[in-house]
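Sequence order for the protein chains is U and Z. Residue numbers for the first sequence follow my numbering, so the first one is 1 and each next one is one higher. Residue numbers for the second sequence follow my numbering, so the first one is 1 and each next one is one higher.
Be careful, since some hints might not be right.
As the list claims (entries may be wrong) - Here are some chain Z residues the structure puts well away from chain U; computed CB gaps all over 10 angstroms:
#: 1; residue: Asn27
#: 2; residue: Tyr35
#: 3; residue: Arg45
#: 4; residue: Gly85
#: 5; residue: Glu107
#: 6; residue: Glu165
#: 7; residue: Ile191
What the hints assert, rightly or not - Just a few of them, taken from the derived set where beta-carbon distance is under 10 angstroms, the chain Z residues facing chain U:
#: 8; residue: Ser22
#: 9; residue: Ile23
#: 10; residue: Gln62
#: 11; residue: Leu81
What the hints assert, rightly or not - Derived pair list, reagent style SDA-like, types lysine to any residue, alpha-carbon separation capped at 25 angstroms:
#: 12; chain 1: U; residue 1: Lys382; chain 2: U; residue 2: Ala442
#: 13; chain 1: Z; residue 1: Lys112; chain 2: Z; residue 2: Asn31
#: 14; chain 1: U; residue 1: Lys319; chain 2: U; residue 2: Lys490
#: 15; chain 1: U; residue 1: Lys447; chain 2: Z; residue 2: Ile191
#: 16; chain 1: U; residue 1: Lys514; chain 2: Z; residue 2: Arg137
#: 17; chain 1: U; residue 1: Lys494; chain 2: Z; residue 2: Ser146
#: 18; chain 1: U; residue 1: Lys490; chain 2: Z; residue 2: Phe120
#: 19; chain 1: U; residue 1: Lys315; chain 2: U; residue 2: Leu157
#: 20; chain 1: U; residue 1: Lys378; chain 2: Z; residue 2: Asp53
#: 21; chain 1: U; residue 1: Lys378; chain 2: Z; residue 2: Arg137
#: 22; chain 1: Z; residue 1: Lys100; chain 2: U; residue 2: Met376
#: 23; chain 1: U; residue 1: Lys514; chain 2: Z; residue 2: Glu153
#: 24; chain 1: U; residue 1: Lys514; chain 2: Z; residue 2: Pro58
#: 25; chain 1: U; residue 1: Lys309; chain 2: U; residue 2: Val296
#: 26; chain 1: Z; residue 1: Lys112; chain 2: U; residue 2: His480
#: 27; chain 1: U; residue 1: Lys412; chain 2: U; residue 2: Val70
#: 28; chain 1: U; residue 1: Lys444; chain 2: Z; residue 2: Asp128
#: 29; chain 1: Z; residue 1: Lys112; chain 2: U; residue 2: Lys412
#: 30; chain 1: U; residue 1: Lys514; chain 2: Z; residue 2: Lys100
#: 31; chain 1: U; residue 1: Lys447; chain 2: Z; residue 2: Pro58
#: 32; chain 1: U; residue 1: Lys494; chain 2: Z; residue 2: Ile191
#: 33; chain 1: U; residue 1: Lys484; chain 2: Z; residue 2: Lys100
Honestly, the hints are just simulated from the structure, not real lab data. Cβ atoms here follow ideal geometry from the backbone N, Cα and C, with glycine treated the same way.
The chain contents come next:
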Amino acid sequence: MMKMLLLLLGCCGLVLSDQNQSAPRDQRVFPVLSINYDYVQMPFEVSLWILLASLMKLGFHLIPRLSTVVPESCLLIVVGLLVGGLIRVMGKRPPVLDSQLFFLCLLPPIILDAGYFLPLRPFTENAGSILTFAVLGTLWNTFFTGALLYICRPAALDLLPCLLFGSIVSAVDPVAVLAVFEEIHINELLHILVFGESLLNDAVTVVLYHLFEEFAHTGEVTAGDVFLGVVCFFVVALGGVLVGGVYGVLAAFTSRFTAHTRVIEPLFVFLYSYMAYLSAEVFHLSGIMALIACGVVMRPYVEANISHKSYTTIKYFLKMWSSVSETLIFIFLGVSTVAGPHAWNWTFVTITILLCLLSRVLGVVGLTFIINKYRMVKLSGKDQFIVAYGGLRGAIAFSLAFLLSNDDFPMKDMFLTAIITVIFFTVFVQGMTIRPLVDLLAVKKRKESKCSINEEIHTQFLEHLLAGIEGVCGHYGHHHWRDKLNRFNKRYIKRCLIGGERSQEPQLVSFYNKMELKQAMMLLESNSSSNLSTVTAAAPRQRSRKTLNISKEREEEIRKILRANLQKTRQRLRSYSRHTLMPDAEDDWSETRLKKQREEMERRMSHFLTVPAPPVRKLESGERLRSGSFFFSERVSAGDESIRRKPSVVKFSLEEKKPHRGPEHLLEEDEELIHHRP
Amino acid sequence: MGASQSGRAHTFRDLADKTGFSIEQINNLHNRFTYLTQDEDTLRREHLENISDLALNPIRRQIIEAFFDKRNLGEKEKGSLQEIGFQEFVTVLSFFRPPKPRIADEEMRNIKKEKLRFLFNMHDTDNDGVITLDEYRRVVEELLSSYETIGAETAKAISDAAMLEVASVTVGQMGPDEFYEGITFEQFTQILRNLEIETKMNIHFWNLDTRTVQCGK
């Protein structure tokens, strides 16, 4: 529809410009309105596609039941098919998913998003299993599929093209896996297993692909070539990680100095990551692993250095770009299906699908049998089924096949058709049925974890405890090495890469600060003049309403004070223009003032505890603090300069049964208060 | 030497049945025990303090104390011993044994409770069955003790917030004259319910002896 409009406009433009050229010079009318479509054609079309993709995404979520039944990826492919069909009906040739566009523009945002927000703890705990599935599993899939295709001879192919096809079609695709698994919310372990595998198998796929392509080109394989292939694998994988690590360290180091130019902080993160990807691609190293390594390495240091706003910006930009990329990829996949030259071969396609499923199941079961011997938490049959069933293929396979040269591979069209069929099968059939299957098999779902300071304390405690017990047993295990790495990190690396005094902040304290900040922001957002709550996230709201039994005038007083304090914060949250953002008053504070401010803040914190402790402060007579009282505290966390509050703590306690108490209840305290029975 | 060997094998088998380790693991642990005590019969605190790996651990004191705590050794009394034998050593270490793969839910719950009880005993140093604010504060202080720049107020703040959280999650509404005494074991279990202790609080018992590398199961 939009294309027709464009064509119409284009035609008009041509007509009008023709008219201008054909008229004699002196009789030329000044063109009040002229159309010049060629000038903007490229960006216009790109924007139109992205707009279309986003509108489609919007539309799906407006239709009530659709998004719960059908995963988004399927819907987008269907839309792509429709659009492709439409273009074909109009007589033009639909665009095919250009491999260069795919690998250089569409894939990196998704991978960076995945790598930057990779949950590191489950990833490292299961690193052995993930690597086994990624490397050995992909190798097994490739050779099994390739060898059986050669043996069954559905299309009279040589061994090498079969193996090449096997390598392309056997790699689990991160885009498809992400698209489907995001919506089903399975537990962390399975998610990280399948997802980690899809990310790390890129190295294997790259090596095998180039290896077989090279062999097919030269025509013969020697034992030395095979050995070089193995060496190449290590070079590709480790080289990619190294390149990513180097760029990650550079990004972290750069972020240390961005205190005065907060506006471009996110840009550094994006640019360094993209450069890591491109640099790895220059040397045919694994770009995906470079990107993941860069994101993982730079994240803890960058997050300690950048401002809260920049962090939010990075998060939302990454999510936005990866979402758009994913949408475009699936739509283009649909369009390319309509467009591409097809060579349908029933036997080849059916055998391919069967072999893919079979090799996946066998591979997963076999490998799980081996790795369960080394795992503490064994993978059950249900887990294995989900891992096997979640091995979806996607656009990477399609693009790799598209890159094959037509001369070396005359059966390229047949390959493409088969791959598209496999992708459709996995995405539609497996993608749609995995959610009911997860429910049917009662697979554990992801727990919604609130950030709980107790859990954080005990996680850290456990880490140290286990490292200590390993020390007692004389066992250099997982915890021992993690402990050593943490210590090394703290002593040397954090000093270089994190600016200022944040480098000395332990994880527990930064977690605590973040939690406080989050609660304070929640407090601000909820109209706090009527909602007075305690500091913890789990504070029951009923408490505040029940004990709010005070007179109207007192309420007004309290509200006025709260409003005055809050408005000062609100002002700072208004959006600034780009130029007034820079000379922000808070950024001018020097390090020492910051430190002093922070220490004062910590002293002035107020908490509510009715724990009998040795009396820290005797309360003045006439003031009785009871369990029904609560406090409103304003806290500042050092890492965020965008929210600064006046260093005063407004505390008030409300007596339940004595509403006539005067304003002496509005206390201004200097230290934290632990009250006790009078 | 022969008689004591068979006698020792017998005690090892008893220990293996009691604690769930295999004979080979018990052997490895015994080697480690003799290495730590320098061939003496009983283990004392100084022996554990001499371990170099433990020196940089912020909660080393509590770990060492846990070995001598009578509550962990299955005795009903409270207090701590001055020295322990091999049997007690293995008993304490059995808290960290990974659970066998195919066990019933009921047994898994028991194991989880035992491990949580071990943690609880580590925090509750005065043996009164409740973790008071002071004890919790000490825990947080020890955790943060390796960072010199963090003052005591931060530890206080964090432990206060943590206690507050426990109070609001477990007790909820409190009457006007009520106190919050401290964290009881049930409340402790409740707040750490999501932490999956039974899978996390484990170590592999292979390659125990640093002198003789063995690949036991």
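Going straight from one Cα to the other, do Lys319/U and Lys490/U come out at no more than 25 angstroms? violated (30 angstroms)
Would the stated hint for Leu81/Z survive a check requiring a Cβ distance to chain U of less than 10 angstroms? violated (16 angstroms)
Gln62/Z as an interface hint toward chain U, with CB separation required under 10 angstroms: Where the cut-off is 10 angstroms and the nearest Cβ of chain U is about 8 angstroms from Gln62/Z, the hint holds.
Against the 25 angstroms threshold, does the CA-CA distance of Lys378/U and Asp53/Z hold or violate the hint? Since the Cα atoms of Lys378/U and Asp53/Z sit roughly 29 angstroms apart, the hinted pair is violated (cutoff 25 angstroms).
Hint check: Lys382/U vs Ala442/U, CA-CA at most 25 angstroms. Holds or violated? Holds, at about 9 angstroms.
So Glu107/Z supposedly isn't at the interface. Is its beta-carbon more than 10 angstroms from every beta-carbon in chain U? holds (16 angstroms)
For Asn27/Z, is the shortest CB-to-CB distance to chain U above 10 angstroms, so the non-interface label stands? Answer for Asn27/Z: holds, closest chain U Cβ roughly 13 angstroms.
Taking only the CA atoms, is the gap from Lys514/U to Arg137/Z under or equal to 25 angstroms? holds (20 angstroms)
Check whether the Cα positions of Lys514/U and Glu153/Z lie no farther apart than 25 angstroms. holds (17 angstroms)
Would you check the hint for Lys112/Z and Lys412/U, treating anything up to 25 angstroms between C-alpha atoms as holding? violated (57 angstroms)
Given the hint that Lys315/U pairs with Leu157/U, does the C-alpha gap stay at or below 25 angstroms? violated (48 angstroms)
Determine whether the non-interface label on Arg45/Z survives the test: each CB of chain U must be over 10 angstroms from its CB. holds (12 angstroms)
Checked against the numbered hints given earlier, the structure breaks hints 2, 6, 7, 8, 9, 11, 13, 14, 18, 19, 20, 21, 27, 28, 29, 30, 31, 32, 33 and satisfies all the rest.
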